[in-house]
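Novice: As a plain string of letters, each chain reads:
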Amino acid sequence: MSNTAPLVKMRNLHKSYGPHVQVLKGLDIEMKPGERVVVIGPSGGGKSTLLRVMMGLEKIDSGSVTFAGKPYISSESADTKTVIDTDVRRSIGMVFQHYTLFPHLSVLQNLILAPCKVRGEKKASAMQRGQALLERFGLGAKADAYPAQLSGGQKQRVAIARALMLDPKLMLFDEVTSALDPELVGEVEQVILQLANQNMPMMIVTHDMWFAKNIASRVIFCAGGVVVEDGPPEQVLGSPKEERTRDFIDRVFHIKH
Amino acid sequence: MNYTFDFQSITFGPLWEGLIVTLELTTAANIIGIVGGFLLALLIMSPVAVVRMPFMLFVEFFRCTPAIVQIVWFFYCVPMLFNVFLGSMTMGILALGFNLMAFNAEAYRAAIQAVPREQIDAGIALGLNPLQRILYIVLPTAFRASIPVLLTNGIVIFQQSALVAIVAVQDLMYQGKTLATETYRPIETFTVVALIYFAVSFPVTQIVGYLERRRQLLMS
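First to last, the protein sequences are chains A and B. Everything in the first sequence is counted per our numbering, starting at 1 for the first residue and increasing by one. Everything in the second sequence is counted per our numbering, starting at 1 for the first residue and increasing by one.
For reference, chain B alone in the conformation it holds in the complex (with noise of 0.2 Å):
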């Protein structure tokens, strides 16, 4: 390999900016995703089916699409069809957020079904009313144990947030490119975007192992 590495090139400012951006876009989806997940595992379990279905239906297209074609499909068709622009960066976050919803409505809804059947008995046993029983007991136990997945779905979205550069938003990833074509150094540029990215997501993952293995300690 005859490459000569020159990272002297390499400007930290505008890549500090697209960070910025970037967990900004992180950060927005996540509140969506966190709030509005809850809501919709709610309505995906209502025993109306009139009412579940067309949740579920956003549901299933949010997970079987790729997220780049969401995001693209957002950016074009949106504005056309509803008549509404709101400037690329609200939309990169509606865009993620919805997708992020989608993921997190699941596992939310795995969590609550979990919570054994003899949790809600001895709730009953104790006199508490159905309301009761989900507040103090159901949402409790499932909001924790759907804590990891919450994790790792968000620090996707973390990721996956490099694809709204190809719709003009200024992130990390969209910084990078215009580094790379400014300077000529796509391998250095990208090598440090790459970097940047992993700084950022390593320690969550590992947070989220560390939760998975107390909570199995505190299962068993």
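One chain only, chain A, in its complex shape (with noise of 0.2 Å):
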């Protein structure tokens, strides 16, 4: 595949939550291979609606998602069944902000959990690539503790492992580090640059101004359903064209005129 063939192709999405409220107005998003997408955007602008989308957890209303040339969703109309290639979708992986891990499962069961069933990959083998990438997280000791016995950091930490554990072609983060305390954010933060590093593809959904200028390729500013701004971090971010945009960034760094 060459560089600039898409990864993503989102093609005039719409989707709404009952008859009155439309959350996806006609969304276009292309994303390249290698390409570390930030959306923000105010509350209800349609961020997370995104995600959910792009991992196959919500019904859209009409639009299409092709992934690595590949069709995977697609939906004619309102009325019409959302197709989802449920092939696609395993190639996929996604972070939640409450961590939702499985309580009943130790951290590496949740790990390996996936792999064994869904892949059919050995145990012994699933363990070994576990424990290998808890190391590298630095929770290694932690590998037969149990979600409640971990800081939210760790919880998020692990969350990230477990998605990593199917290999994925491209990773969403769906507001990680809202739901952690201050202290913790870092570590979290740490370990998603640790995976721009090796040039994973990723959609990151983030409040966190510093984060989305460290991690972002490329910043998507989405408000009322549609995209109002695209751009590198240093335009969208630092010198916006879009006036909502502007208002938005300097709501969001308290800045008064």
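Hints are computed from structural coordinates only; laboratory data are not their basis. The beta carbon of each residue, even a glycine, is placed where N, CA and C say it ideally should be. Careful: at least some of the hints might be erroneous.
[As the list claims (entries may be wrong)] Derived Cβ-Cβ restraints for the label pairs, each shown as a range:
id	chain 1	residue 1	chain 2	residue 2	range
1	A	198	B	156	54 to 62 Å
2	B	64	A	179	40 to 48 Å
3	B	65	A	85	30 to 38 Å
4	B	159	A	194	57 to 65 Å
[What the hints assert, rightly or not] Some but not every residue of chain B turned toward chain A, in silico, with C-beta under 10 Å:
id	residue
5	116
6	123
7	127
8	132
Make the complex out of the two chains shown on their own, each in a separate frame, by following the hints.
Specialist: Laid out in structure tokens, this is it:
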């Protein structure tokens, strides 16, 4: 595949909750391999919905998504079924705001569940990979701990490791540091930056502008269910062209005029 | 008070035999209740109304009528209506077991529905298919959450089992009544009977309390 062929191609995505709440109003996004797209924008602007659609967790009214050239999600209209290719879905990993570790499984069991059950990997081999991944994230000693025994930052790092066990071609991060105590944010962001250094394509929704600036190769400002501004981080975060973007950035950084 | 207590005439032999019968009833009813209640929970959560309705009716019948009426009804009406008589012990087990099944089904249903949506989303994101999500995420979590309620329901059935004495099952209560009549010492007899029920129930309620406290810690 050439470098310019898009990894993700979202076409005219429409999504509403009930008859009155339209969350996505014709969203078009293209993402190239190796890009790290940070999506910012006001609450209710469709950021999280966008990631949830991309993960195949939400039906869409209409539009289509292709992934690595393959059709992934499509729907004709609000009355038709949303077709989701589950094989394509398996090449995407996601980490959520509220950790979502399985509380009845130990850290290592959380990691090996999907590889063993979904891919039929041998338990010994999955455990070996899992342990190695935990060591890399500084959690080697926590393999046998249960989620309740971990701090928020540790839980979130385990959740990232769990998603990586399936060798995703794209990682989605949905406000993964929003639920954390401030002093724990750094350790999670470090792990994501580590992945960024290995050129893992990712799509990140965050309110942390410092993190956005540090990790993004591209920033998308999303409001009212459409892409308002799209460009390199220096432009969108530093000198936005659109007024709505500027207003939002100013408010986030508490700049008074 | 000029009543003189006299525990000397209380013989433990028949009470012991009665307790064994009571424990047998309780164990058998709990096996029916724990296994059958689970299947019943799946049925009352069926998206198909025709499947769901009769089982919901079954659950509501047992939840909305007194256990003593259920036992008497079982004992007198089932043999007449269905032309089967299974012996008083079996009938007692079935009546108590069905009652427990109804209550446990509700406990399972509540626990299954309380599994957070996010847990299932995480399962989808990890590529688990719907059956795998149920088997590896929903049910283990729900089963653990329902254990304190199942234990509480189980111990309630242990106490309710005293009601089968009225249909001549020779349980602890039945032996107590017989002994009270024979010895003319009802106060002493029923005091001992009450203490025996208490001695079995109390540790279980303590275990339930411990499990609930531990669970709260785990969930925080």
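Novice: Next step is simple, just say for each hint if it's right about the structure.
Specialist: Verification of the hints:
no.: 1; hint: A:198 / B:156: 54 to 62 Å; in the structure: holds, 57 Å
no.: 2; hint: B:64 / A:179: 40 to 48 Å; in the structure: holds, 42 Å
no.: 3; hint: B:65 / A:85: 30 to 38 Å; in the structure: violated, 52 Å
no.: 4; hint: B:159 / A:194: 57 to 65 Å; in the structure: holds, 59 Å
no.: 5; hint: 116; in the structure: holds, 8 Å
no.: 6; hint: 123; in the structure: holds, 8 Å
no.: 7; hint: 127; in the structure: holds, 4 Å
no.: 8; hint: 132; in the structure: holds, 5 Å
The structure fails to meet hint 3 from the earlier list, while all remaining hints are met.
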